[in-house]
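K.L.:
Sequence:
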Amino acid sequence: MGRTRSKDEAHPEARLDHGGIATISPSSFTSGFELVVDGTPQSHVDLEDPTHLHFEYVVRMGAVIDQLRAGPLTAVHLGAGALTIPRYIEATRPGSHQQVIEWEAPLAALVREHLPLPRGAAIRMRIADARAGVQKLPPALVGACDLVVSDVYSGAQTPAHLTSVEFYREVTGLLAPTGVLLVNVADGPGLAFARRQVATIAHVLPEVALLADTQVLKGRRFGNLVIAASPSPLPTEWLPRMLAAGPHPAKIAQGAEVVAFAQGARIVTDADAVASPKPDASIFLR
41 MGRTRSKDEA
51 HPEARLDHGG
61 IATISPSSFT
71 SGFELVVDGT
81 PQSHVDLEDP
91 THLHFEYVVR
101 MGAVIDQLRA
111 GPLTAVHLGA
121 GALTIPRYIE
131 ATRPGSHQQV
141 IEWEAPLAAL
151 VREHLPLPRG
161 AAIRMRIADA
171 RAGVQKLPPA
181 LVGACDLVVS
191 DVYSGAQTPA
201 HLTSVEFYRE
211 VTGLLAPTGV
221 LLVNVADGPG
231 LAFARRQVAT
241 IAHVLPEVAL
251 LADTQVLKGR
261 RFGNLVIAAS
271 PSPLPTEWLP
281 RMLAAGPHPA
291 KIAQGAEVVA
301 FAQGARIVTD
311 ADAVASPKPD
321 ASIFLR
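Just add 40 to the spot in the sequence shown (first one is 1) and you have the working numbering.
Possibly wrong hints are sitting among the right ones.
[As the list claims (entries may be wrong)] Computed list of lysine-lysine pairs in BS3-like fashion (alpha-carbon distance at most 30 Å, straight line):
1. 176 / 258
2. 291 / 318
3. 291 / 258
[Said to hold, decoys possible] Each pair of labels, with its calculated beta carbon distance range:
4. 111 / 311: 21 to 31 Å
5. 217 / 131: 21 to 31 Å
6. 255 / 79: 22 to 32 Å
Note that these hints are calculated values from the structure, not bench results.
Even glycine gets a Cβ: it sits at the ideal position worked out from N, Cα and C.
The task is simple: from the sequences and hints, build the whole structure.
P.N.:
Quick look at the structure:
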């Protein structure tokens, strides 16, 4: 059992530009710390062990990253959170070069001060809207990234302008021929939003896979789905066995399953894009 949070215990916090509050506090469920924004857990970080990935969908992202080519990576992260994945890559792929784009300067400052990065880590943070920030990245990154991670949330929702085919075309322009795009999508019963996201990404990149808890993938409960996509065949040979083993058992859908998942779903454009569904607050009462 996790230890009980004390409501009277003061924790570092910052008021964000959109008016919300970001707080860093010791995890109630495991070692390390959690970044919580307006009551929504955004990130978990273990400063003593950056390879400790606690959130289920982040574990799945880590499993895909582990399959990428050996050695240091060139990576771009849209959405900083507490920099969980950049820290993981720094720990497992020393010498990697990483760019992080984060809209909220107060959040970035809070994380830097209270959850400092390892000394010497080649992780650069840029304060900008994710889409505008991609357009201003150094030209040398175009067509050169091994990994692009899109995990952007304003509160508990992904902003609409970061869900369209136009956005994904801009993002995938960063990928090397064997590079991989990872997108965190949150959705609930019916999975209408997730199906449109898969259809949209598949319109831009030929290789697409889905990683999620089986009940989430079947649309039976709200949760996170990780979309992995690439211009080249995805390095997923060992993933089914790894995901089934846990610690958070999951399924990977590929090929015909992905086609069936997105069947009939309309591609999202800038003209009709909407934010991701807002989860019921009770989902975070763990």
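K.L.:
If you check each hint against the structure, which ones fail?
P.N.:
The structure conflicts with hints 1, 4, although it agrees with all the remaining ones.
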